[in-house]
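J.: These are the residues of each chain, in order.
Number of protein chains: 2
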Amino acid sequence: MPELRLNLITREWVIIATEKAKRPGEFRQKKDKKYLPDIVSACPFCPGNENKTPGEVMKLASDGGWKIRVTPNKFAALTPEGERQRINEGLKHLITGVGRHEVIIESNLHNTNLALMPQEDIADVLKVYKNRFIDIYKDPRIEHVIIFKNYGEKAGTSIEHPHSQIVGTPVPPMQVRHRIDETTRYFDNTGECLMCATVRSELAEGKRIILDTKHFVTFIPYAALSPFHIWIFPKKHEASFGDIKDEEIADLAYNLKTVLAKIYNGLENPDYNYVIRSESPKESGSEYFHWYLSIVPRVVQTAGFELGSGMYVNTSLPEEITDFMRRVKA
Amino acid sequence: MPELRLNLITREWVIIATEKAKRPGEFRQKKDKKYLPDIVSACPFCPGNENKTPGEVMKLASDGGWKIRVTPNKFAALTPEGERQRINEGLKHLITGVGRHEVIIESNLHNTNLALMPQEDIADVLKVYKNRFIDIYKDPRIEHVIIFKNYGEKAGTSIEHPHSQIVGTPVPPMQVRHRIDETTRYFDNTGECLMCATVRSELAEGKRIILDTKHFVTFIPYAALSPFHIWIFPKKHEASFGDIKDEEIADLAYNLKTVLAKIYNGLENPDYNYVIRSESPKESGSEYFHWYLSIVPRVVQTAGFELGSGMYVNTSLPEEITDFMRRVKA
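Chains as they are written, first to last, in our numbering: chain L, -2 to 327; chain R, -2 to 327.
Where hints are given, some of them may not hold.
Which copy? The list can't say, so a pair holds if one copy fits it or any two copies do.
[To be verified] With a straight-line Cα cutoff of 16 Å, these simulated EDC-like cross-link-like pairs (lysine to aspartate or glutamate) come out: (1) K89 x E202; (2) K71 x E16; (3) K204 x E86; (4) K151 x D268; (5) K89 x E0; (6) K89 x E316.
Calculated directly from the structure, the hints in this document are not laboratory data.
Everything numeric in this text was worked out from a predicted model, so none of it was measured.
Please construct the entire structure, taking both the sequences and the accompanying hints into account.
T.: Structure below.
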């Protein structure tokens, strides 16, 4: 029998559709394998084409060149210049589109990706995330910062060169406000952070844990919204990603690399998104929120039901996906 | 300069990304045209294969055969048998997956679709929607009913035969509760229904109107979440789709056919979803909500930013899309 499971952070129910459920291996992708060289002359993110990106926000140097570069997004959704203004005219509410939108070029190699990179290099990428996250929040016009990755066309990018993005918006998204509201209510009811309670409960039950390291736990959410939806939670309470320490970064890099390599091997290099959900550094001491990283492989297509209800239909069993992910090599 | 526009129903901001914006015609699809016969022997929805669907909920007869059939979904997300039960164990909240999930087979022809069908036949489909909508709400285990259509693979279906779906869930989705909360707040603040106010304001401004008929107005939302996102609103206040009258159904069929034909011609038969957002017939007299139909062509891919923020980046200008939609032939 199908069941509905509640995601306590979004407060949305997910249908775990046992009648439609597939075995984990059935989500393997059938992609044409494509040979990619180290450097592609037409790629704006490859070494030698630095003038094709608009400016340089920062870089990590390596052997006379660079290993990571951050640039403003050439096709930015929001513009860094101008004043944040609100204009209200009847039912039309507008904010001028100021904000920040940067690209983190994760490697000088065109043909690598986080699943294949050494753990140390992933740690460097995460350090750059932290730097940009803290820095963008210093802009007084910015109220929320989102770090995310689009990998592959189904995940929203046609750029092959390994990269992620960071966006600072001039208003807190309603989705974010709802989540903070839900975790605050949980705290009101119990005196405990919802994510801290989730870590404890998942570790105690053990059925959905993929990795359990010193600082992090990687698991399939009880109410996973889609097959192979994965959460990486810091074990210690921490509201803001801006507070992550070097030792924790190394451990997060291990968790991220391992789980992305397992997805790469187990599902034949599927497209995916991930996102870091975090409070601002200004809310560093908050008891009500706890940052985490959420990975969503794009192995299924959402349809009208999801659009119309906000509820997801997950055609896999979180516990079976966990078993598969434990067994597949990293 | 980009701008953020507020969707007052979802209370979510949409980035209208002028820097990334494309001309409306650039969203045209490059699909391989495929010859489809009237009847496909392997299609479970074609005449002659009635035994491949599990039972028959209702049908409209035509010339010794049928023109519309409703059947339970063979791969139902929720099951019609069993008791609705809640089981709470610590952080795990579960509802047994009881509910209703039916398929509305819209035609006995495999190779047609709503953009090509006569208006009278679309009116018949809408009458069947109304029948099933009211009937499913009679099930005491059902708390919300969603009518939706997936057209094409990007919209979540691989079935070519024209069909739509209706799902009754054993719990009201949180997304739906948030919308009702927002429209109720608007009513508290103004003493007026938000959708009634939107109809008046859009008609007065006129810049986003595609069709204005006796009972309906079809327009591009001010804060359209994606290119060619379209709303069809009844002009008269009506909380529940279950109250629609025959004369209104004929007019809705005209609006729906016209706009789907314009999309079909203007964008070369793109994939799309639509959904009817409505209160239950039990809330028939509610002043706080107003049903409507929302169409989302799948001409762009959502990415990590949308996942992580709930905000959409729309790479088109709603007013330019309106001009294009007015000009393209139906």
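J.: Next, verify each hint and record whether it holds.
T.: Now the hints, each set against the structure:
no. : hint        : verdict
1   : K89 x E202  : between (49 Å within a copy, 11 Å between copies)
2   : K71 x E16   : between (45 Å within a copy, 9 Å between copies)
3   : K204 x E86  : between (53 Å within a copy, 15 Å between copies)
4   : K151 x D268 : both (6 Å within a copy, 15 Å between copies)
5   : K89 x E0    : between (41 Å within a copy, 12 Å between copies)
6   : K89 x E316  : between (46 Å within a copy, 14 Å between copies)
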